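Peer 1: These are the residues of each chain, in order.
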Amino acid sequence: MNAMTEPTHFDRLSNQHLDALEEETIFILREVAAAFERPALLFSGGKDSLVMLKCAEKAFGVGRIPYPLLMIDTGHNFHEVTDFRDFRAKELGAELIVRSVEDSMARGTVRLAHPGESRNVHQSVTLLEAIDEFRFDALIGGARRDEEKARAKERIFSHRDSFGQWQPKAQRPELWTLFNTRLQPGEHFRVFPISNWTELDVWQYIEREKIALPSLYYTHKRDVVERKGLLVPVTDLTPAKEGETIESRDVRFRTVGDITCTCPVESLAATAADIVIETLQADVSERGATRMDDKTSEASMEKRKKDGYF
Amino acid sequence: MTATNTIAAPAHSTGAGSTNDTSSALRFITCGSVDDGKSTLIGRLLVDSKAVLQDQLANVSKSGEADLALFTDGLSAEREQGITIDVAYRYFATPTRKFIIGDAPGHEQYTRNMVTAASSAHAAVVLVDATKLKWNVDGLVDLLPQTRRHSLLVNLLRVPGIIFAVNKLDALGDDATAAFAKISEALQAFAKQAGIAVTATIPMSALKGHNVVEATPGWCGYQGPSLLALLETLPVTAAETDVPFAFPVQWVEKFHNSADTSQGRRVFWGRVATGTVQVGDTVSIHPSGQTAVVAQVVNHARVPGSVTAGHGAGITLDREVDVSRGDWLLAQVTPAADSDDEFADTPKPRAFAEATREIKATVAWMDDEPLVAGRVYLALHGHRWIKAKVKRIVHSLDINTLQEHDATEIAPNAIGHIELALQEAITAVPYAQSRVLGSLILVDTASHKTSGALLLS
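Protein chains in written order, with UniProt numbering: chain A, 1 to 310; chain B, 1 to 457.
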């Protein structure tokens, strides 16, 4: 079978499916604009947040997104992604707020166990500090339920207590599209407008809407080492260990995040259409292929979410 | 090759919201008692349709054998207790359709989560554990209370496709065929008594994979399609287009820079609850009672055209009127149009009845505290918050037997009939006619918990 001939076969089905997903996402984005006083949209410059931003443009009109964009910077981001984030925010005329884990470290609210520790997990502290600082009452995030098990259980409007904690056993029932957005002082909501999208939907939509992405998502040559079945990028933050062989490989990132825990996959996919085909044929999930930090424990994401992580 | 590789165009496509629409993703829920095999069934659907990836399979495999149930029980509290606490949403696709599964918990104490999953479902698969049924001396079987309960709940919520999946028949060996016939008979008798239209009854072994993804012709005397093949052909919920136009205003967009005020300077966004809207329609605004004519309609993505029930719309009116979030735009038939209708082939839908402050409803109670008469709650109807006082508890319903009992309170996870007095009038339409106009939630004024789901009578 020649995989490169496939996309024409699912055009018709996928477009209708994408229309329904887009419509649901826009409905939720508008609900946040109407129901909350101080919402913000978490924007990392990654593919999921770029899809949300595209839907926000359709929901509100170009240049009229009614909430600021918020980025929690670990200081360990790929410059291609942060550059792209700044470029898109400027292009949209959106307000971009960046708060960094390094500032939390300077304040002493984040302490690393050792200097090389991943800062990904510490983002929740900085995020909660930003929520306090701006008194945000709703944070829109690009998490998808297909990403991992704890996420699969979360509501679209996810209530967080005054410690920013998710209570999986006490989630509010979410009936029809009657969203209970009532809050007590100090509480907030995390809202996930693309909950029902899968990785494949995201790529099909990027392809259909011609959404521009950071170059990291497409094939490029990169120095990597093989470690525990993953390709680890060789960077100043993640140098090769003794005895490891550095190789230049054709890779792309399926997900972009903190450099210290994000791995690329081997790929020659140069366009969104190529990636749609690759995603159809993938036999390893997005997180399984790329994330070092989630592998440590089955429950690691659940624990992090309970601690206020996105 | 994975199953999703050859997604083909559907045989026919009649547009979103149409009754024959099988090209939209199907949202279905699975229900049944603890240990009836729900998680195993979902695991089987995911594995056999190749929706499970290798790393996920490795995570749930012990000595090479995958424990199918572990795909869905994702929370550590669930793994500790071996039960499902909350709805898990799963996604998979076949060559012809995409699916969203709401895996609803079986425990009675988590009925609220089942109602949550059912409220947006197009279909429900009710699992019946063939090994758990009691056989009477006269050769009949008694259904388990949870089978009756879950069927009644999904029927009450108007989930249109209800499928009985009689599971674990492989465990009965040679008796399987006779057992399936008797269980089918009992299910049919129950469905008839309860007024439930059953789409199909399928014999199944989720563990072995019989009739889940692949049909097993002749097994247990059944020649029909597999569960998955059936799900591929089920329509999504029919849009409520035969009811007059109703539109809850979700968000008001202002055009600060427009100098032309003749057609108003605001777009009213929301999702059409019932009916259709197009330019030239006269609407009345609830609660103010003013009327106006629709000047422009765009869809959710700002493309002009008419918009039908279930879809997002932006509406501008021909004059400057007071409309805010929570208000409703409702079909208003003018006297002239009314007289035309007598001679028309398809009469125009009539306007809604008067708004009311007194409502009667079936309530599914979800709070840990019981519902008591006299309390005031916050109610959400469309996008409108109003205060609601529980005037009277008419009765509570034994959802195992459908019998009505006198009651002074509605217990957690129970169903009952109540009367409420509202602070402001709403356009009340029975839930049987419109899911959007006929549904409300009750929110506790102190805890802000979503305490009850109301289905208007």
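Treat the hints as calculated values from the structure; they're not laboratory data. The reader is advised that the hints may include incorrect statements.
What the hints assert, rightly or not - Here are the computed lysine-lysine pairs in the DSS-like style, where the Cα-Cα straight-line distance is at most 25 Å:
hint: 1; chain 1: B; residue 1: LYS389; chain 2: B; residue 2: LYS360
hint: 2; chain 1: B; residue 1: LYS387; chain 2: B; residue 2: LYS360
hint: 3; chain 1: B; residue 1: LYS254; chain 2: A; residue 2: LYS58
hint: 4; chain 1: A; residue 1: LYS228; chain 2: A; residue 2: LYS210
hint: 5; chain 1: B; residue 1: LYS449; chain 2: A; residue 2: LYS169
hint: 6; chain 1: B; residue 1: LYS132; chain 2: B; residue 2: LYS192
hint: 7; chain 1: B; residue 1: LYS182; chain 2: B; residue 2: LYS208
hint: 8; chain 1: A; residue 1: LYS58; chain 2: A; residue 2: LYS169
hint: 9; chain 1: B; residue 1: LYS254; chain 2: A; residue 2: LYS90
hint: 10; chain 1: B; residue 1: LYS182; chain 2: B; residue 2: LYS132
hint: 11; chain 1: A; residue 1: LYS210; chain 2: A; residue 2: LYS54
hint: 12; chain 1: A; residue 1: LYS54; chain 2: B; residue 2: LYS208
The model shown is predicted, which means the values in this text are computed figures rather than measured ones.
Peer 1: Now tell me, hint by hint, if it's right for this structure.
Peer 2: Checked hints:
1. LYS389/B / LYS360/B: holds, 12 Å
2. LYS387/B / LYS360/B: holds, 15 Å
3. LYS254/B / LYS58/A: holds, 16 Å
4. LYS228/A / LYS210/A: With a Cα-Cα distance of about 35 Å, the restraint between LYS228/A and LYS210/A is violated, given a limit of 25 Å.
5. LYS449/B / LYS169/A: holds, 13 Å
6. LYS132/B / LYS192/B: holds, 22 Å
7. LYS182/B / LYS208/B: holds, 22 Å
8. LYS58/A / LYS169/A: This hinted pair is violated, its Cα atoms lying about 35 Å apart.
9. LYS254/B / LYS90/A: Satisfied, since the Cα-Cα distance of roughly 23 Å is no more than 25 Å.
10. LYS182/B / LYS132/B: holds, 14 Å
11. LYS210/A / LYS54/A: holds, 10 Å
12. LYS54/A / LYS208/B: The hint is violated at about 44 Å.
Checked against the numbered hints above, the structure violates hints 4, 8, 12; every other hint is satisfied.
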